[in-house]
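K.L.:
What follows is the residue order along each chain.
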Amino acid sequence: MNVLLSFVNSLPGACGQGLAWGLMAIGVYLTYKILDVADLTVDGSLATGGAVCGVLIVMGVNPWVAMLAAILAGMLAGLITGLLHTACGIPAILSGILTQLALYSLNLRIMAIGDTAKTKATLALSVDRNPLLVSSRFVRELSLRNPILLLAIIVAAAIGLLYWFFGTELGCSIRATGANQNMSRAQGINTDKNKVLGLVVSNGMVAMSGALLAQYSGSVTIDMGRGAIVIGLAAVIIGEVLLDKVFRNFALKLLASVIGAIIYYAVITLVLRLGLESTDLKLLTALVVAVFLTVPYWKEKYFTKAKKEVGTDV
Amino acid sequence: MSDTRSMLELHGVYKTFNPGTVNEKRALNGLELTLAEGDFVTVIGSNGAGKSTALNAIAGVWPVDAGTILIDGENVTGLPEYKRARYLGRVFQDPMTGTAATMEIQENLALALRRGEKRTLRRGITKKEQEQYRELLKTLDLGLEERMSAKVGLLSGGQRQALTLLMATLKKPKLLLLDEHTAALDPKTAEKVLDTTDTIIRENHLTAFMVTHNMKDAIAHGNRLIMMNEGRIIFDVAGEEKKRLTMAELLDKFTEISGNSITNDSVLLA
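Heads up: the sequence lines are chains A and B, in that order. Here the first sequence is numbered in our numbering, starting from 27 and rising by one per residue. Here the second sequence is numbered in our numbering, starting from 14 and rising by one per residue.
Calculated directly from the structure, the hints in this document are not laboratory data. You may find that some hints are simply not true.
[To be verified] Output of the computed footprint for chain B on chain A, the stretches with three or more beta carbons under 8 angstroms from beta carbons of chain B:
(1) 90-101
(2) 211-224
[Said to hold, decoys possible] In the SDA-like style, the derived pairs of lysine to any residue whose C-alpha atoms are separated by at most 20 angstroms in a straight line are:
(3) B:Lys96 <-> A:Tyr189
(4) B:Lys164 <-> A:Thr112
(5) B:Lys164 <-> A:Tyr189
[Said to hold, decoys possible] Derived list of chain B stretches under chain A, where covered just means 3 residues or more per stretch with a C-beta under 8 angstroms from a C-beta of chain A:
(6) 99-113
(7) 125-135
All C-beta atoms in this analysis are idealised placements derived from N, C-alpha and C, irrespective of residue type, glycine included.
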């Protein structure tokens with residue numbers, strides 16, 4: 027009973043964290059689902075977003091401006107990965123790993139900006155000293171300071187913007203690029219350019235998520251993005267498994283990823299209350315993603331034999 | 014034929030795959046071809062004769078080793094595939110290739126309507142277009158006009174090929190490239206799709222290049238027929254002469270020119 031009570035008590039926190047990670051999940055959705063690329067840049071660009079935003083806030087820059095800078099930094103990371111992949115011919119997954127690795131060094135440098143040290147692995151933000159947009163401290167408060175409110179607004183705005191963008195000629199051509207490259211080129215679409223563009227948009231979202239997470243948790247750490255891709259995938263997959271049948275519209279599909287992230291954090295909170303160590307979470311997350319990816323594959327492979335090759339008539 | 018403009022010119026086109034390896038294959042060997050406006054040429058030849066390679070060279074799937082390719086007088090030899098798309102309509106052998114399965118029928122058409130144009134931040138599909146698509150889909154007589162927001166992945170192979178044809182010609186191409194586009198369909202469906210092909214080419218006065226494995230189709234369709242062998246054109250008939258061409262003559266021609274290779278090409282005899 028005690029466990030249950032403390033779980034319910036921690037739900038607002040899971041909700042806040044899930045919303046911030048939800049933006050990251052949307053970024054993963056864009057690459058993994060729309061572009062059909064597993065982009066591992068995100069482990070690095072999430073921390074880059076946090077680092078850029080954190081450093082600027084500590085320097086006294088307006089937090090909205092700091093967040094915008096973080097988004098641009100993330101987009102730049104996506105641009106690098108995209109160019110490594112398209113202009114240099116490196117496989118997408120390796121391109122992402124290369125950028126991610128390089129960002130580890132860069133993030134340590136970024137966090138040390140304005141400091142006497144040359145590199146820095148952590149950066150503390152405090153809602154008492156810094157003008158943070160969101161802070162987990164107020165997550166159970168019934169006031170306008172409650173971070174869930176602003177996070178929900180930001181998530182809604184981001185979904186709205188992406189919904190509009192992917193309905194434009196350019197956005198449609200990016201979706202086509204992910205759906206069928208041969209067809210896209212035959213329709214005059216520059217698939218390389220579109221892949222780069224998709225990676226840019228995605229990593230912008232991821233960096234924004236990092237910037238919000240840094241403020242929410244009050245700290246930037248060099249490791250904050252480690253395994254982020256798997257958490258993002260978990261959110262995307264949970265959202266898809268639970269809501270794919272109900273959510274048909276593109277905006278709702280993006281929302282499903284955010285809901286997936288919230289559910290993910292609710293479950294994480296629960297298993298922590300049940301006595302798991304927080305260091306066990308990466309194992310758990312990896313298991314969840316592996317299982318959720320395996321089930322549909324096995325279903326297709328072992329349980330749908332008879333259904334093929336019907337309806338070939340015009 | 015002399016006073017019409019040429020829509021396609023291939024001059025001395027060479028292409029070798031895997032050069033310098035044991036798998037080296039000279040696929041195009043100084044290919045020469047000129048298509049006049051309105052020509053509908055069918056292209057036959059045994060496996061590896063260079064039919065599809067010729068088509069891919071025109072489409073710009075990869076750069077050629079030597080030679081020039083002109084479309085309506087413009088040299089496109091150096092243009093990448095997506096830039097040549099402005100001039101070309103294409104239908105592929107695999108019904109999966111020509112359409113985006115996870116996108117709606119109308120979204121696929123909207124992508125095709127903007128072929129060769131800059132993709133901007135304007136709406137990807139407008140109300141006005143939807144009406145146009147509905148009318149066009151009606152002409153296919155497959156009931157697709159009632160399913161415009163259905164995902165293309167739900168359609169059968171024949172429906173997808175018919176849709177791809179529509180997409181390839183929605184914006185009038187200077188040249189329509191058909192790469193064995195009925196080979197993956199059952200005979201009845203293949204015939205229907207070929208009928209649609211004929212209608213679309215005739216009504217839009219298109220210039221077309223149709224690769225086929227089927228001699229009967231090659232004879233029955235188009236105003237010109239070419240046979241390829243070892244990366245070159247070895248037989249070229251048009252007009253009345255082509256109309257009189259029979260299966261038997263064509264087979265004779267084939268054996269005469271390419272020696273006994275006919276015997277080990279069962280597909281051709283199908």
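K.L.:
Take the hints in turn and mark each one as holding or not.
P.N.:
Hint by hint, here is what the structure shows:
Look at the region 90-101 of chain A against chain B: 0 of its residues bring a Cβ nearer than 8 angstroms to a Cβ of that chain, fewer than three, so the hint is violated. Using a Cβ-Cβ cut-off of 8 angstroms, 7 residues of the region 211-224 of chain A lie near chain B, which meets the minimum of three, so the contact claim holds. Note on Lys96 of chain B and Tyr189 of chain A: the hinted pairing is violated, with a Cα-Cα distance of about 28 angstroms set against a maximum of 20 angstroms. With a C-alpha separation of about 29 angstroms, the suggested pairing of Lys164 of chain B with Thr112 of chain A is violated against the 20 angstroms cut-off.
Only pairs whose Cα atoms come within 20 angstroms are accepted, and Lys164 of chain B paired with Tyr189 of chain A is accepted, the gap being roughly 18 angstroms. Counting residues of the region 99-113 of chain B whose C-beta sits closer than 8 angstroms to any C-beta of chain A gives 9, which meets the bar of three, so the coverage hint holds. Residues of the region 125-135 of chain B with a Cβ under 8 angstroms from some Cβ of chain A number 9, which satisfies the need for three, so the listed coverage holds.
Hints 1, 3, 4 from the earlier list are contradicted by this structure; the remaining hints agree with it.
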